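**Student:** Following the hints, put chains W, V and G in place on chain F, whose structure we already have.
Protein chains in written order, with full-length UniProt numbering: chain F, 1 to 235; chain W, 1 to 235; chain V, 1 to 235; chain G, 1 to 235.
By construction, these hints were calculated from the structure, which means they are not laboratory data.
SDA-like mimics (lysine to any residue), calculated; alpha carbons at most 20 Å apart, straight line:
{"no.": "1", "chain 1": "W", "residue 1": "Lys125", "chain 2": "G", "residue 2": "Ala155"}
{"no.": "2", "chain 1": "W", "residue 1": "Lys125", "chain 2": "G", "residue 2": "Thr157"}
{"no.": "3", "chain 1": "F", "residue 1": "Lys125", "chain 2": "F", "residue 2": "Val182"}
{"no.": "4", "chain 1": "V", "residue 1": "Lys125", "chain 2": "V", "residue 2": "Thr66"}
{"no.": "5", "chain 1": "F", "residue 1": "Lys125", "chain 2": "G", "residue 2": "Asp204"}
{"no.": "6", "chain 1": "G", "residue 1": "Lys125", "chain 2": "W", "residue 2": "Leu160"}
{"no.": "7", "chain 1": "F", "residue 1": "Lys7", "chain 2": "F", "residue 2": "Ala35"}
Some chain V residues close to chain F (C-beta under 10 Å, calculated; not the full set):
{"no.": "8", "residue": "Glu119"}
{"no.": "9", "residue": "Leu120"}
{"no.": "10", "residue": "Asp127"}
{"no.": "11", "residue": "Val176"}
{"no.": "12", "residue": "Leu196"}
In silico negatives: residues of chain V with every beta carbon more than 12 Å from chain W:
{"no.": "13", "residue": "Gly2"}
{"no.": "14", "residue": "Gly24"}
{"no.": "15", "residue": "Leu30"}
{"no.": "16", "residue": "Glu81"}
{"no.": "17", "residue": "Pro151"}
{"no.": "18", "residue": "Arg217"}
From a predicted model like this one, the values you see are computed outputs, not experimental measurements. Don't be surprised by glycine CBs; every beta carbon is placed ideally from N, CA and C.
Number of protein chains: 4
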Amino acid sequence: MGTEVVKAVNAAEDLELVAMVDSGEWLFDLANTGAQVVVDFTRPDVVMDNIRFCIDHNIHCVVGTTGFDEARLATVAEWLEAKPGVGVVIAPNFGIGAILLMRFAQEAARFFPSTEIVELHHPNKVDAPSGTAVRTARLVAEARRAAGLPPSPDATTDSLPGARGADVDGVAVHAVRLSGLVAHQEVLMGAPGETLTLRHDSYDRASFMPGVLLAVREIARRPGLTVGIESLLGL
Amino acid sequence: MGTEVVKAVNAAEDLELVAMVDSGEWLFDLANTGAQVVVDFTRPDVVMDNIRFCIDHNIHCVVGTTGFDEARLATVAEWLEAKPGVGVVIAPNFGIGAILLMRFAQEAARFFPSTEIVELHHPNKVDAPSGTAVRTARLVAEARRAAGLPPSPDATTDSLPGARGADVDGVAVHAVRLSGLVAHQEVLMGAPGETLTLRHDSYDRASFMPGVLLAVREIARRPGLTVGIESLLGL
Amino acid sequence: MGTEVVKAVNAAEDLELVAMVDSGEWLFDLANTGAQVVVDFTRPDVVMDNIRFCIDHNIHCVVGTTGFDEARLATVAEWLEAKPGVGVVIAPNFGIGAILLMRFAQEAARFFPSTEIVELHHPNKVDAPSGTAVRTARLVAEARRAAGLPPSPDATTDSLPGARGADVDGVAVHAVRLSGLVAHQEVLMGAPGETLTLRHDSYDRASFMPGVLLAVREIARRPGLTVGIESLLGL
Amino acid sequence: MGTEVVKAVNAAEDLELVAMVDSGEWLFDLANTGAQVVVDFTRPDVVMDNIRFCIDHNIHCVVGTTGFDEARLATVAEWLEAKPGVGVVIAPNFGIGAILLMRFAQEAARFFPSTEIVELHHPNKVDAPSGTAVRTARLVAEARRAAGLPPSPDATTDSLPGARGADVDGVAVHAVRLSGLVAHQEVLMGAPGETLTLRHDSYDRASFMPGVLLAVREIARRPGLTVGIESLLGL
Numbered sequence: 001m002g003t004e005v006v007k008a009v010n011a012a013e014d015l016e017l018v019a020m021v022d023s024g025e026w027l028f029d030l031a032n033t034g035a036q037v038v039v040d041f042t043r044p045d046v047v048m049d050n051i052r053f054c055i056d057h058n059i060h061c062v063v064g065t066t067g068f069d070e071a072r073l074a075t076v077a078e079w080l081e082a083k084p085g086v087g088v089v090i091a092p093n094f095g096i097g098a099i100l101l102m103r104f105a106q107e108a109a110r111f112f113p114s115t116e117i118v119e120l121h122h123p124n125k126v127d128a129p130s131g132t133a134v135r136t137a138r139l140v141a142e143a144r145r146a147a148g149l150p151p152s153p154d155a156t157t158d159s160l161p162g163a164r165g166a167d168v169d170g171v172a173v174h175a176v177r178l179s180g181l182v183a184h185q186e187v188l189m190g191a192p193g194e195t196l197t198l199r200h201d202s203y204d205r206a207s208f209m210p211g212v213l214l215a216v217r218e219i220a221r222r223p224g225l226t227v228g229i230e231s232l233l234g235l
Numbered sequence: 001m002g003t004e005v006v007k008a009v010n011a012a013e014d015l016e017l018v019a020m021v022d023s024g025e026w027l028f029d030l031a032n033t034g035a036q037v038v039v040d041f042t043r044p045d046v047v048m049d050n051i052r053f054c055i056d057h058n059i060h061c062v063v064g065t066t067g068f069d070e071a072r073l074a075t076v077a078e079w080l081e082a083k084p085g086v087g088v089v090i091a092p093n094f095g096i097g098a099i100l101l102m103r104f105a106q107e108a109a110r111f112f113p114s115t116e117i118v119e120l121h122h123p124n125k126v127d128a129p130s131g132t133a134v135r136t137a138r139l140v141a142e143a144r145r146a147a148g149l150p151p152s153p154d155a156t157t158d159s160l161p162g163a164r165g166a167d168v169d170g171v172a173v174h175a176v177r178l179s180g181l182v183a184h185q186e187v188l189m190g191a192p193g194e195t196l197t198l199r200h201d202s203y204d205r206a207s208f209m210p211g212v213l214l215a216v217r218e219i220a221r222r223p224g225l226t227v228g229i230e231s232l233l234g235l
Numbered sequence: 001m002g003t004e005v006v007k008a009v010n011a012a013e014d015l016e017l018v019a020m021v022d023s024g025e026w027l028f029d030l031a032n033t034g035a036q037v038v039v040d041f042t043r044p045d046v047v048m049d050n051i052r053f054c055i056d057h058n059i060h061c062v063v064g065t066t067g068f069d070e071a072r073l074a075t076v077a078e079w080l081e082a083k084p085g086v087g088v089v090i091a092p093n094f095g096i097g098a099i100l101l102m103r104f105a106q107e108a109a110r111f112f113p114s115t116e117i118v119e120l121h122h123p124n125k126v127d128a129p130s131g132t133a134v135r136t137a138r139l140v141a142e143a144r145r146a147a148g149l150p151p152s153p154d155a156t157t158d159s160l161p162g163a164r165g166a167d168v169d170g171v172a173v174h175a176v177r178l179s180g181l182v183a184h185q186e187v188l189m190g191a192p193g194e195t196l197t198l199r200h201d202s203y204d205r206a207s208f209m210p211g212v213l214l215a216v217r218e219i220a221r222r223p224g225l226t227v228g229i230e231s232l233l234g235l
Numbered sequence: 001m002g003t004e005v006v007k008a009v010n011a012a013e014d015l016e017l018v019a020m021v022d023s024g025e026w027l028f029d030l031a032n033t034g035a036q037v038v039v040d041f042t043r044p045d046v047v048m049d050n051i052r053f054c055i056d057h058n059i060h061c062v063v064g065t066t067g068f069d070e071a072r073l074a075t076v077a078e079w080l081e082a083k084p085g086v087g088v089v090i091a092p093n094f095g096i097g098a099i100l101l102m103r104f105a106q107e108a109a110r111f112f113p114s115t116e117i118v119e120l121h122h123p124n125k126v127d128a129p130s131g132t133a134v135r136t137a138r139l140v141a142e143a144r145r146a147a148g149l150p151p152s153p154d155a156t157t158d159s160l161p162g163a164r165g166a167d168v169d170g171v172a173v174h175a176v177r178l179s180g181l182v183a184h185q186e187v188l189m190g191a192p193g194e195t196l197t198l199r200h201d202s203y204d205r206a207s208f209m210p211g212v213l214l215a216v217r218e219i220a221r222r223p224g225l226t227v228g229i230e231s232l233l234g235l
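Next comes chain F alone, as it looks inside the complex:
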């Protein structure tokens, strides 16, 4: 991901790359390069130190590293209190398409008696369903509950084990693993006489870069902690 970020920043006319820090190198020199924003795609075991360093040196931080729970987010928020001008954006997903898909699924769910999710990935993926599919299912389930919808209709009485997918909070999620695929997700919503299908296809990590650059550009105007890039997208 670091390489992709470097390429994307170099290709952007309004941004300048002043430093790259690889695994095993020191962040220390960053402070002297005049860096205004650090983009961190590292590992859960080093990311907190990196964020702390940036905040201390008045550098904004855009973070795509995984592993943030409530406790870690609270710690970062606390650190930022002492530096009211500094911004940190922490996002589990910088893919704008994936974020839109989740948002639309959440908005549409209350209008349809049925919603199911099919996610399709390359066969080297170790988890099933994908984290994004589980998150999407939870958002859909929450929207259905809020609208007072009953469970999706399903007359199945005679089923092979697994045929009807995984049950995530009442939403059926099916995981396809297929040689040749990259990362794909479909949300299928149905009402009598019609269906609405939302599909996201991700072919390349390049797809995360517009979201990263958006965060880099917006962060100076958004001091404090921002979780997710939804608010930056104006959604």
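**Tutor:** Structure of chains W, V and G alone, referenced to chain F:
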């Protein structure tokens, strides 16, 4: 459509059917049935008389008849001024899925360099592209302009006539006509490394009924003229 | 189905409808109508009597009734020995699209390391996966075995129950149940860098009629027992 | 493509890479490496010399270079007459998925009143429709003619220019160009009540390698000129 509405109203526990008026019959008796709401799926040449009659008799009106231009809408609004308690909903489309599709396309368009539309219908359709596809393309084009997007990238220099579809306000629209199909629409949006596809499949006129019933239920709380059901959907 | 057949025969210029027999009525009079072919979509408990009657009276028989096992087929074949000029076609599926899908899946399977099946139906269906999906999976599995393919690659180690679908003879099959849908099936095949997807959408029982009419037209040229319409299609 | 072939051959246990020849380098030394098969992905202006060289030196040739017309094929066939043990495979497409798609479209076309093609590519493509889509349309048109099918039904009377796609031999072909896409093709076939859709997605040139390796393995058993890899696939 009238038959579908009768079935839908009969199936709804909170609604009661008090009268049906077929082509060639008089609206006159309606006033004596205690009708609170009239649903009008008639023809452009009679719909204005029907609406006027309802307004005069303090009956709310849900109208799916086609052929409303600005002048007609203005006339209805003027009539309603004298009856502040009466509501009229006039909608070109009561299909919730189709409305959501248009809304989502409009919201997402600014994030993607490319948008194209493929609509697919039964081969008895006389217009190409469909009215819904043209409306969707216009909404997408407007969103792209508002966001300052350049034209969709397209290096085509060697093309057969028609291969790249119809140009609707800068958005390419392709119309497939195929035996077996009913009414389907796909909006394809692409950015480097990812695509987002929104698809609506309409199999049956039953799909318009949830929108009609929603309007019937909501109209008493919405006096005056309402165009489209978007606001009733809370979108 | 009977009604559909009547409509289809009436619409065909080269065929003439000479009699309709409803449940509870006698077949007896058929012999006097000059019927050359009987189409039987009845029930497992009466179909054998019907076939026997037709064979005895030298009437060809096209049968779409379910419930034929090896024993029943053998009985019909035995009856036909005494009447070398009479033909009986018994088919579990007259849908040409569905038959082509199965055939193509079977032919293509050996070229792809991965095959999975997603079938999607209305929510009133009681069995999951569908009979057609199970049959397709078995045909694919057989083709894979014949080609010596190893199991589809799948690195999943961390899975919710059901996420990876039902295992039919080593082929993962996923069953979606969604309001608005009719009957749909996708076979997804993947190899490094590419996927091939075969999809069949069935919207209406009208889709079975071309297969029925084909059998009606061909049967006089095919005495004896024919199981399935594949051979009539020239596949 | 050369790089992909090198990777694929290295990864194959039953094949050995003995030489690579880049643009500007001499073929001459090949004869001393003991090469049994040459894979040629070069340019139309040098490929004929390469093939002649290989034939003269009793080396089999698998050729993916473009630009072969009837005259060139005839020339190669003539050269091969003098060397009955040498094989040359010349194929416009080594993608097994694409070849299967064309084959299945051709086989299925006669059963469906309607066929249309939608191809979808990245926006840097200069030709529309793609060569594969045009070839597929021609094969479909030929199959329809052979079966005596009338033109696809189409009631369109009111159309924007281009909406109904390009007309290739009576088959409508639509070309979508979208940022994020790679190379995709759908053949849609419809009959009353059902549709059959064949879709091929190509994400990566790696997808051509199984076809290339197949040709490399089979060529020793197939002396003479083989055009296309269909016969090697046993189709």
